[in-house]
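Asks: Chains as they are written, first to last, in the numbering used here: chain A, 1 to 207; chain B, 1 to 146.
Watch out, some of these pointers could steer you wrong.
Taking lysine-lysine pairs in the DSSO-like style, the calculated list, with each CA pair at most 30 Å apart, reads [as the list claims (entries may be wrong)]:
1. 18/B x 80/B
2. 119/A x 41/A
3. 99/A x 70/A
4. 18/B x 116/A
5. 70/A x 44/A
6. 101/A x 63/A
7. 119/A x 18/B
8. 116/A x 63/B
9. 126/A x 116/A
10. 74/B x 18/B
11. 63/B x 119/A
12. 116/A x 99/A
No lab work stands behind these hints, which were simulated from the structure alone.
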Amino acid sequence: MRVSKIAAALLGLAAGVFALSSCTHSSACVSGQNEQKTTAKAAKDRKPAPEFTLTDASGQYIKLSDYRGKVVLLNFWATWCGPCALEIPWFEQFEQQYKSKGFEVVGISMDEDGWKAVKPYIAEHKVNYRVLLGNDSVAALYGGVDSLPTTFIIDREGRIAFTPHIGLADKNEYLNEIQTLLGVEDRGCQDESGHHTAAALFLRPAK
Amino acid sequence: MSLVITLLPLFSFAQQNKLAVRPPTPLTIKRGTTAVENLTVEVLPGFHVNSDHPRDEYVIPLKLTWQDGPLATKSISFPKPEEIQVGNDRLLVFTGTFDIRSEFAAPAAAPPGPATMRGRLRYQACSNQMCFRPASIEITLPVIIE
Numbered sequence: 001m002r003v004s005k006i007a008a009a010l011l012g013l014a015a016g017v018f019a020l021s022s023c024t025h026s027s028a029c030v031s032g033q034n035e036q037k038t039t040a041k042a043a044k045d046r047k048p049a050p051e052f053t054l055t056d057a058s059g060q061y062i063k064l065s066d067y068r069g070k071v072v073l074l075n076f077w078a079t080w081c082g083p084c085a086l087e088i089p090w091f092e093q094f095e096q097q098y099k100s101k102g103f104e105v106v107g108i109s110m111d112e113d114g115w116k117a118v119k120p121y122i123a124e125h126k127v128n129y130r131v132l133l134g135n136d137s138v139a140a141l142y143g144g145v146d147s148l149p150t151t152f153i154i155d156r157e158g159r160i161a162f163t164p165h166i167g168l169a170d171k172n173e174y175l176n177e178i179q180t181l182l183g184v185e186d187r188g189c190q191d192e193s194g195h196h197t198a199a200a201l202f203l204r205p206a207k
Numbered sequence: 001m002s003l004v005i006t007l008l009p010l011f012s013f014a015q016q017n018k019l020a021v022r023p024p025t026p027l028t029i030k031r032g033t034t035a036v037e038n039l040t041v042e043v044l045p046g047f048h049v050n051s052d053h054p055r056d057e058y059v060i061p062l063k064l065t066w067q068d069g070p071l072a073t074k075s076i077s078f079p080k081p082e083e084i085q086v087g088n089d090r091l092l093v094f095t096g097t098f099d100i101r102s103e104f105a106a107p108a109a110a111p112p113g114p115a116t117m118r119g120r121l122r123y124q125a126c127s128n129q130m131c132f133r134p135a136s137i138e139i140t141l142p143v144i145i146e
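Generate coordinates for the entire structure from the input sequences, incorporating the hints supplied.
Replies: So, in structure tokens, the structure goes:
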């Protein structure tokens, strides 16, 4: 009886170690506690991301089609949006890590006060990716964008590859989607720097 | 176009107002005196609006303005805000139901009878997960000058 109990305990321990090991290397835990994996839409189901032309902070006209051939994280945000501010450091990290692999973050600010509000903000937060000034016309092309942040992941052919993220998302969901489209290694529960990135680390509920 | 149609249901909830102002009770005021009107504001459960004096310079404050009318606006005061934590930031916000106090003065020479004051409440609402673009509510305050 005692031997069988010990054997059962060892078996349970082994199963736990295996589960932990597989978690850090598989995509089953990319969303941290939720353990859900986003799946790319089949190519035939992907809709073209609506084309637009907007200006960046230097006044240069930028078209979405300028990014054809790259994976793009298109993020609608605003300086007054707290959840947006939580995501910006993630996007800065993604830009730094994956730019050389054909990835770019494009931020579209929906600030009514325009560059007067946006320029100091991006300087203060050392935003390392391109930010464009949005307007209602472009927002309408993307469904209205009444709530921020709203983020689209666009494939190299300029198509929306995943269900849009409306509201604060999980960093690992973004990572998983970007890595899927870039065809790079899936780091599972950890980001590229090896740090665990469950959303719970970033979001504390309002009292 | 099909993308827009696909996305519309996702945004229909977002377009609803997250804040409402109860119809104000008519204000009776004697010429040459002052009177107070409390405007009752309701924020939907799960949402907050920024206070009138938020800590973060980028945040859009709650702001009530009254147009020039038969009464002079002497002061507008808000309740004490709540402090909540979003990420690393501690924000000053309003939630639930609260009153905004406006003090009006009726000039001694104001014509007696019914009149109207018109105001505008600008707000910017968020939940823990998302924020909504700034919006305004127009307010009509019935006034009786005696």
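Asks: None of the hints should be skipped; say for each whether it holds.
Replies: Results of checking the hints against the structure:
no.: 1; hint: 18/B x 80/B; result: holds, 20 Å
no.: 2; hint: 119/A x 41/A; result: violated, 35 Å
no.: 3; hint: 99/A x 70/A; result: holds, 9 Å
no.: 4; hint: 18/B x 116/A; result: holds, 27 Å
no.: 5; hint: 70/A x 44/A; result: holds, 19 Å
no.: 6; hint: 101/A x 63/A; result: holds, 21 Å
no.: 7; hint: 119/A x 18/B; result: holds, 29 Å
no.: 8; hint: 116/A x 63/B; result: holds, 20 Å
no.: 9; hint: 126/A x 116/A; result: holds, 16 Å
no.: 10; hint: 74/B x 18/B; result: holds, 29 Å
no.: 11; hint: 63/B x 119/A; result: holds, 24 Å
no.: 12; hint: 116/A x 99/A; result: holds, 28 Å
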